[in-house]
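Enquirer: Sequence:
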Amino acid sequence: MTLRPGSAPFNGVKAFFLLLAMVLGTAQVAQARDLPQFADLVEELTPAVVSITTVQAQRPRPSQRGPGGSEQFDDFFRRFFPPEGGSGQFPAPQSLGSGFIISADGYVLTNNHVIDGAQEIIVHLWDRRELTAEVVGTDPRSDLALLKVDGKGLPKVRIGSSEKLRVGEWVMAIGSPFRFDYSVTAGIVSAKERSLPDQDNQSYVPFIQTDVAINPGNSGGPLFNMDGEVIGINSQIYTRSGGFMGLSFAIPIDVAVDVADQLKDGGDVSRGWLGVVIQEVSRDLAEGFGLDRPQGALVVRVFDGGPADKAGLKEGDIITAFNGKTIGLSSELPAMVGRLRAGSDAVLSVVRNGRSIKLDVEVGELAGAAGQVTQSDNGSASSNLVGLTVGPLPEAAQDRFDVDAGVQVTAVSGPAAAAGIRPGDIITLLNNRQVNSVDEFATIVDELPRGRSIAVLVVRGGNATFIPLRVPAE
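In terms of our numbering, the sequence shown is numbered consecutively and its last residue is 646.
Wrong hints could be hidden among the right ones.
[Unchecked claim] Pairs of lysine-lysine residues, derived as DSS-like cross-links and limited to a Cα-Cα distance of at most 30 angstroms, are as follows:
| id | residue 1 | residue 2 |
| --- | --- | --- |
| 1 | K364 | K328 |
| 2 | K436 | K336 |
| 3 | K320 | K436 |
| 4 | K497 | K364 |
| 5 | K497 | K336 |
| 6 | K436 | K364 |
Treat the hints as calculated values from the structure; they're not laboratory data. Values in this document were obtained by computation on a predicted structure and should not be read as measured data.
Using the sequences plus the hints, can you model the full thing?
Expert: Take a look at the structure:
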């Protein structure tokens with residue numbers, strides 16, 4: 173059949189494609205209507221967002237003569253580091269970040285790393301005013317800082333609830349990346365309660381993960397929900413290039429408000445402490461402790477006289493819930509405990525020897541912080557059913573590592589080597605049973621369940637960790 177303009181078949185095909193275009197166009201319009209509109213929110217919220225510059229301590233200026241006395245290098249240093257009245261000093265270096273006003277009388281929240289080490293802090297407002305800020309208080313553990321500027325009737329943000337935030341929600345950031353003030357980026361919440369250990373390998377903040385584009389200068393700026401409420405403070409990115417790679421992290425506003433209130437009241441932050449060292453429960457460890465799946469925080473050390481010790485918590489216990497809130501990953505526990513004030517009462521749900529029990533504990537005050545778990549490596553050598561040869565624990569090792577009882581590994585092979593146990597390790601618990609001597613060790617080994625994983629508490633270099641060890645079936 174030949175289609176000719178004006179013919180009935182031609183007109184029919186033309187009508188079909190016109191109808192299809194109308195349907196697709198309507199669908200695209202409907203889809204566009206479903207997407208969030210940010211323009212009105214940006215106009216409303218921007219005045220309460222600030223950019224922050226800091227002046228750091230000056231350092232001595234070297235000779236302005238460049239390498240080899242080159243005049244070209246002299247020009248470079250004059251252009252970028254101009255002399256300041258012949259003071260013989262480099263101009264003080266500056267850092268840049270973001271923040272937001274939380275009260276009309278001038279309280280400002282930002283990241284601690286934005287103002288850390290600053291001699292002078294300048295807060296830049298939307299209307300181009302520049303105000304000198306004083307530090308009310310800082311909390312490096314949560315990377316938060318509370319500032320105060322002189323002002324009345326300042327625009328302020330509305331505080332939302334990070335607890336009510338749902339994964340998949342649209343969120344928006346306003347900040348000053350690379351000195352581009354009041355840049356707006358948007359994305360969705362990718363995950364909640366992410367654990368990002370700090371330089372001391374500790375984590376007291378359950379971070380919000382998003383795919384909102386965050387870059388240097390965004391730090392300390394607000395993360396808004398679509399109701400125009402602050403639900404987080406942009407803090408960190410994950411990157412291998414130094415730039416944004418689709419993973420950014422914000423401090424939940426619930427955590428930030430609690431810290432800010434404490435800083436405002438006394439300048440210090442009280443953070444709860446249990447007095448334990450914990451580690452993750454792997455699949456093999458879960459089997460060894462009689463759990464149907466990996467969950468909870470495995471206690472590898474209880475500090476003498478600490479809150480957990482007074483409550484009756486023991487090494488080998490698995491904390492599965494804190495104040496009724498389930499613990500899926502061990503990294504969730506420090507943030508839960510840390511949000512409580514010292515002296516608060518809490519209830520621990522614990523699995524001990526396959527049985528579930530509850531313990532009441534009075535949370536202590538976190539000071540210098542507890543010890544950390546060291547990851548195990550592989551070893552080698554030979555011996556019995558599980559590939560372990562042990563000897564008496566030397567007195568010197570007891571004193572050095574503060575261990576009261578146990579045995580010292582002298583050689584490993586087979587299952588023990590595969591598990592990562594090393595010569596020199598000290599074994600204090602084997603399959604949840606205390607090991608006080610070589611004889612006790614031998615007795616426990618003879619009674620080990622065949623063909624399954626058991627847990628071995630090992631002290632290595634002063635740090636304790638549970639290692640799953642699979643016992644051969646025969």
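Enquirer: Starting from K364, check that the Cα of K328 is at most 30 angstroms away, please.
Expert: Judged against 30 angstroms, a Cα distance of about 26 angstroms means the pair holds.
Enquirer: Mind checking the alpha carbons of K320 and K436 for me, to see if they're no more than 30 angstroms apart?
Expert: holds (10 angstroms)
Enquirer: Given the hinted pair K436 and K336, is their alpha-carbon gap at most 30 angstroms?
Expert: Status holds; Cα separation ~25 angstroms.
Enquirer: Is the straight-line distance between the alpha-carbon of K497 and that of K364 30 angstroms or less?
Expert: holds (15 angstroms)
Enquirer: Within a Cα-Cα threshold of 30 angstroms, do K497 and K336 meet the stated pairing?
Expert: Satisfied, since the Cα-Cα distance of roughly 15 angstroms is no more than 30 angstroms.
Enquirer: Is the hinted pair K436 and K364 satisfied, with a Cα-Cα distance of at most 30 angstroms?
Expert: holds (27 angstroms)
Checked against the numbered hints given earlier, the structure satisfies every one of them.
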